[in-house]
Amino acid sequence: MSKPLIKLENVSMVFEIHTMFGEKKKIKAVEDVSLEIKENDILALVGESGCGKSTLGRIMLGLLKPTSGKVLYYINGKYRDIWSLSKKEYKIFRRHAQLIPQNPYTTINPMRSVISALIPPFLHYKIARNKEEARKMVAEHLKMVGLVPPEDFFNRYSCRLSGGQLQRIAIARAISVKPKFIVADEAVSMLDASLRIEILDLLLRIREEYGLAVLFITHDLAIARYFARKNKIAIMYLGNIVEIGNTEDIIKNPLHPYTKALIMSVPIPDPDIARKRELPKLRSLEVPSLMNPPSGCKFHTRCSLATEICEKQAPILRNINGRLVACHKIGD
Amino acid sequence: MSINNKERRNEKDIILKIRGLTIEFRVTRGILRAVDNVDLDVYKGEILGLAGESGCGKSVLAHAILNLVDPNGYIKSGQILFKQNDEYIDILSLSNEELRKFRWDKISIVFQGAMSSFNPVIKIKDHFIDTVKDHESNKNEEEIVKIAKKLLKDFRLDEQVINLYPHEMSGGMRQRALASLSFILNPEFIILDEPTTALDVLTQKFIIKLLREIHEKTGLTMLFITHDLATLAEITDRMAIMYLGNIVEIGTVRQIFYDPKHPYTKALLQAIPSITKPLEDLNPLPGPVPDPLNPPSGCKFHPRCPLRFKACSESRPKLIDLGDGHLVACHLYKRN
Chain D
204 MSKPLIKLEN VSMVFEIHTM FGEKKKIKAV EDVSLEIKEN DILALVGESG
254 CGKSTLGRIM LGLLKPTSGK VLYYINGKYR DIWSLSKKEY KIFRRHAQLI
304 PQNPYTTINP MRSVISALIP PFLHYKIARN KEEARKMVAE HLKMVGLVPP
354 EDFFNRYSCR LSGGQLQRIA IARAISVKPK FIVADEAVSM LDASLRIEIL
404 DLLLRIREEY GLAVLFITHD LAIARYFARK NKIAIMYLGN IVEIGNTEDI
454 IKNPLHPYTK ALIMSVPIPD PDIARKRELP KLRSLEVPSL MNPPSGCKFH
504 TRCSLATEIC EKQAPILRNI NGRLVACHKI GD
Chain P
-15 MSINNKERRN EKDIILKIRG LTIEFRVTRG ILRAVDNVDL DVYKGEILGL
35 AGESGCGKSV LAHAILNLVD PNGYIKSGQI LFKQNDEYID ILSLSNEELR
85 KFRWDKISIV FQGAMSSFNP VIKIKDHFID TVKDHESNKN EEEIVKIAKK
135 LLKDFRLDEQ VINLYPHEMS GGMRQRALAS LSFILNPEFI ILDEPTTALD
185 VLTQKFIIKL LREIHEKTGL TMLFITHDLA TLAEITDRMA IMYLGNIVEI
235 GTVRQIFYDP KHPYTKALLQ AIPSITKPLE DLNPLPGPVP DPLNPPSGCK
285 FHPRCPLRFK ACSESRPKLI DLGDGHLVAC HLYKRN
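The listed protein sequences correspond, in order, to chains D and P. Just so we're aligned: the first sequence equals residues 204 to 535 in our numbering. Just so we're aligned: the second sequence equals residues -15 to 320 in our numbering.
Next comes chain P alone, as it looks inside the complex:
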């Protein structure tokens, strides 16, 4: 498996454009801004990793792509533009019926808890049938089962799995069955939200490898969300790092791991233990995580940043391009 250094910076290849997206939640203590004025491009045929610690807004951002926001939250502003036939449609402006058709058909999502994603009282087979019939009501059941079996096979599951109930399968099997269900309508884009987090290490490794293989075979665009940077090192082409609702850095996987620019990315990489890295290279990240209801002024990382200066507490840095598609939101860097 080689690291993809292909030139992807072609405006035409952008399949998803997020512009100025702000999402807020009403909580008991006030208004929580989970996603704060985020711009993000996803290129066709890439695996983009979205990383950040818990509460940084990465899942909220990803779910919003399908206009899925919890009842106490709302999308305050912004656009989510998806390319269809050379035109961008704003997902947020779709009617409920249009949205229902759009979901799973164009963009599907694999959630973290595979157990709670399946209906416990119907067989795996019926999950496939129900999903397809909801979009193409006249499709023949046998045909659906045939495609489903092939997908399950692609994920190295036995065909017979189709006749099982969710509780009859192990966690790893369920996660693979869920992933194959997300492929059933042949979507153009798949969102994977912590798909391997609850699994044991051996299964996790296997699923990552499998997803990468399937990606290479089909060229499907994927958005992979996780708090685990090590997993992203293995699977993604590009990565975006989030901190308290803002994207602070975007770059290729090699740019992020070998030449990180944002002080938060640098500190985060130094704080993750590994079985290969010398132990002396590890450093804890300084300072506490700020209260998300009362985020710091200016750059939200400034109270913990060892390199802060006056401007950092005064104005919020914007993402700027350093060249080669490496973007960073930090006052230390000047536009290239």
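Excised from the complex, chain D in its bound form:
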């Protein structure tokens, strides 16, 4: 049994924003989230836009410092808070945790050729001794992500590459520093439908080869199911994780009312099935504002099962048949 590589303990993230009229407002983008990702494992984080999934990803990478809670990373034999690492340890963490961003068109500096964008990491982390060796390594990595012959891509700029090719380069760059943990934030959502499976397959193959842990962030349940088929899915709503469980269990038998509504709403590319499906029963279609979130369970304003307790008390994640669900109304 492999051990957790990275753990979040009661992590919250509050952003302070200044409105147009000089008022200060607080936005709780992530609230009291605890979760862990094991070595060589995948967690798919699914939620709609604005639910805080990308913020959570950035917190796990150490790009944002949570306002409360801890991010623990397994380094030199123990779990260490990434915000109290020594300089040397932080450098190791920085190399271990990499990002594959959403927009392939802005991933590579448009003023730089592919080779000049990919060489620096090899030299910075002393993975290559000199430029010549780094060039060879770039070629190997381009080959690995299916850009062959690699020499053809060395001197190209991002404007001369397609979205699929750029996303391959983003993957090559992320794995070039031998990471252990990758956050893939909507890594295929900007790509055409016909390319998505290809890029996901590539990512799955490379993950397997390198034994990487991956936090796979997406708004698309069908993509999450494909990527994390043997692993777990976490569902997020307005800053909270509302359900975590094995992928097929969540898809086939969602427990949290929000997960249920989400699954009932996913479009299905099969006309006979699609037309038989009911609309989810919701009290309201409107997503509440993060600046003024509902009391208690944040889903209660839309949930058809909500009662008094849901308005008053925020539910915590409980174990129900091997699944974690945050709902007062389930499992009693």
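Worth flagging that the hints you see were computed from the coordinates, not collected in a lab. Each residue gets a CB set at the ideal place from its N, CA and C atoms; glycine is no exception. Don't take every hint at face value.
What the hints assert, rightly or not - Not the full set, but computed from the structure, chain P residues with beta-carbon under 10 Å of chain D: (1) L213; (2) A217; (3) L252; (4) I259; (5) N267; (6) P268; (7) V273.
To be verified - Straight-line C-alpha distance at most 30 Å; calculated DSSO-like pairs for lysine-lysine: (8) D:K290 / D:K206; (9) D:K479 / P:K261; (10) P:K137 / D:K479; (11) D:K229 / P:K107; (12) D:K484 / P:K133; (13) P:K90 / D:K227; (14) P:K137 / D:K463; (15) P:K193 / D:K463; (16) P:K193 / D:K532; (17) P:K193 / D:K455; (18) P:K137 / D:K484; (19) P:K28 / P:K90; (20) D:K479 / P:K201; (21) P:K201 / D:K484; (22) D:K241 / D:K455; (23) D:K463 / P:K261; (24) D:K433 / P:K28; (25) P:K261 / D:K484; (26) P:K193 / D:K479; (27) P:K261 / D:K241; (28) P:K107 / D:K228; (29) D:K455 / P:K261; (30) D:K484 / P:K134; (31) P:K245 / D:K479; (32) D:K479 / P:K28; (33) P:K245 / P:K261; (34) P:K193 / D:K484; (35) D:K433 / P:K250; (36) D:K479 / P:K250; (37) D:K479 / P:K107; (38) D:K455 / P:K250.
With the hints as your guide, set chain P onto chain D.
Structure of chain P alone, referenced to chain D:
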């Protein structure tokens, strides 16, 4: 909701005929042919889905129906014939003033970004009033507001929404308000260009259902454009599949999903993940998308097609009817 298998193949029922439409754009690297010699019929009272990946020309084609082409583009050839009182008029031959009256009155369009479609400094109410007054200048404002409120209600929006500014509404509300605005002049035909793409899944599902209901109630003809085949499975009667400026297949929604003929349609359907389909049934689409400025010779799909043979690189296949209104442009099939 049942799938419409009604016999629609009656020549008389064609409300819109597109013939030999070619649209080109001047770009820095040369001339880009976004729509290439397209023929398409839309039957009265149907929802026709137009699907394809980004850059295939589906939006350019749909916007051209209202003679809306970006300044660097032009309609090189073709006709867009719209049926009015048993006669077809060519939309492309209308004068500017005729076109201004025609737009929204006969055919309206719902664009993708609802935020940028509204004027941010005027209320929803004034969008309705301005639109109507531009066509019927002597119409009474109160009357317009009354109709607008009813339309907003049809889209399950509160009447009071009419007094809001666009920024005061959520994305889903704005998209619904925009859809109701497209109904204000009681058009015969509505073009919906990715109307649900920017919305969250729950709102998307709701709007699709609502559009379908409104369609069933009013029998309005709709052209629904999206890259998302799953959405089309739920709402359309017939579908057309586009690839690099050509329509490669047209059929009923069941023909396209359960009996696709064109190798591109087949490959595309196999490449979309779903929460119901077995994961083993998924296959990536082979090969890269060709450069649209330098499209392949013959059938544009041939470099990626697993079934290609000699003729595919030599001549471009035409759409042929396989019977039952199922049309395909592929050398594998012979005219029925």
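Evaluation of the provided hints:
The interface hint given for P:L213 is met, as the beta carbon of that residue sits about 5 Å from the closest beta carbon of chain D, less than 10 Å. Taking 10 Å as the C-beta contact cut-off toward chain D, the hint placing P:A217 at the interface holds, the least distance being around 4 Å. At its closest, the beta carbon of P:L252 sits 6 Å from a beta carbon of chain D; the interface hint therefore holds under the 10 Å criterion. For P:I259, the shortest C-beta to C-beta distance to chain D is roughly 5 Å, which falls under 10 Å, so the interface hint holds.
Taking 10 Å as the C-beta contact cut-off toward chain D, the hint placing P:N267 at the interface holds, the least distance being around 7 Å. Among the interface hints, the one on P:P268 holds; its C-beta lies about 4 Å from the nearest C-beta in chain D, closer than the 10 Å criterion. For P:V273, the interface hint holds, the least distance from its beta-carbon to any beta-carbon of chain D being 7 Å, beneath 10 Å. About 25 Å separates the Cα atoms of D:K290 and D:K206, which keeps this hinted pair within 30 Å; it holds.
At most 30 Å may separate the alpha-carbon atoms for a hinted pair to count; D:K479 and P:K261 meet this at roughly 16 Å. Distance check on the hinted pair: P:K137 and D:K479 sit about 25 Å apart at the alpha-carbon level, within 30 Å; holds. In summary, the hint linking D:K229 to P:K107 is supported, as the alpha carbons are separated by about 29 Å, within the 30 Å threshold. Between the alpha carbons of D:K484 and P:K133 the distance comes to roughly 25 Å, so the proposed pair stays at or under 30 Å and holds.
Taking the CA atoms of P:K90 and D:K227, the gap is near 49 Å; set against the 30 Å cutoff, the hint is violated. For the hint pairing P:K137 with D:K463, the CA-to-CA distance comes to about 27 Å; that is within 30 Å, so the pair holds. Our distance criterion of 30 Å between C-alpha atoms is met by P:K193 and D:K463, whose separation comes to about 18 Å. This hinted pair checks out: P:K193 and D:K532 have alpha carbons roughly 28 Å apart, not beyond 30 Å.
Annotation: proposed proximity of P:K193 to D:K455 holds, straight-line Cα distance about 23 Å (limit 30 Å). Taking the CA atoms of P:K137 and D:K484, the gap is about 19 Å. The hint holds against a cut of 30 Å. With a C-alpha separation of about 13 Å, the suggested pairing of P:K28 with P:K90 holds against the 30 Å cut-off. Among the hinted pairs, D:K479 with P:K201 is consistent with the structure: their alpha-carbon atoms are about 19 Å apart, no more than 30 Å.
For a cut-off of 30 Å, the pair hint linking P:K201 to D:K484 stands: about 22 Å separates their Cα positions. For the hint pairing D:K241 with D:K455, the CA-to-CA distance comes to about 24 Å; that is within 30 Å, so the pair holds. Of the supplied pair hints, the one linking D:K463 and P:K261 holds, its CA atoms being roughly 18 Å apart against a limit of 30 Å. The suggested pairing of D:K433 with P:K28 is violated, with an alpha-carbon distance near 48 Å, which exceeds 30 Å.
At most 30 Å may separate the alpha-carbon atoms for a hinted pair to count; P:K261 and D:K484 meet this at roughly 24 Å. Our distance criterion of 30 Å between C-alpha atoms is met by P:K193 and D:K479, whose separation comes to about 11 Å. At most 30 Å may separate the alpha-carbon atoms for a hinted pair to count; P:K261 and D:K241 meet this at roughly 28 Å. For the suggested pair P:K107 and D:K228, the alpha carbons sit about 26 Å apart, so the restraint of at most 30 Å is met.
For a cut-off of 30 Å, the pair hint linking D:K455 to P:K261 stands: about 12 Å separates their Cα positions. Annotation: proposed proximity of D:K484 to P:K134 holds, straight-line Cα distance about 24 Å (limit 30 Å). The hinted pair formed by P:K245 and D:K479 meets the criterion: a straight-line CA distance of about 25 Å does not exceed 30 Å. A threshold of 30 Å between alpha carbons decides the hint, and for D:K479 with P:K28 the separation of about 25 Å falls inside it, so the pair holds.
Taking the CA atoms of P:K245 and P:K261, the gap is about 20 Å. The hint holds against a cut of 30 Å. For the hint linking P:K193 to D:K484, the alpha-carbon distance of about 13 Å falls within 30 Å, and the restraint holds. Simply put, D:K433 and P:K250 have alpha-carbon atoms about 27 Å apart, close enough for the 30 Å limit, and the pair holds. Between the alpha carbons of D:K479 and P:K250 the distance comes to roughly 24 Å, so the proposed pair stays at or under 30 Å and holds.
At roughly 38 Å between alpha-carbon atoms, D:K479 and P:K107 are farther apart than 30 Å, so this suggested pair is violated. Proximity of D:K455 to P:K250 is assessed by CA-CA distance (about 27 Å); at most 30 Å being required, the pair is judged to hold.
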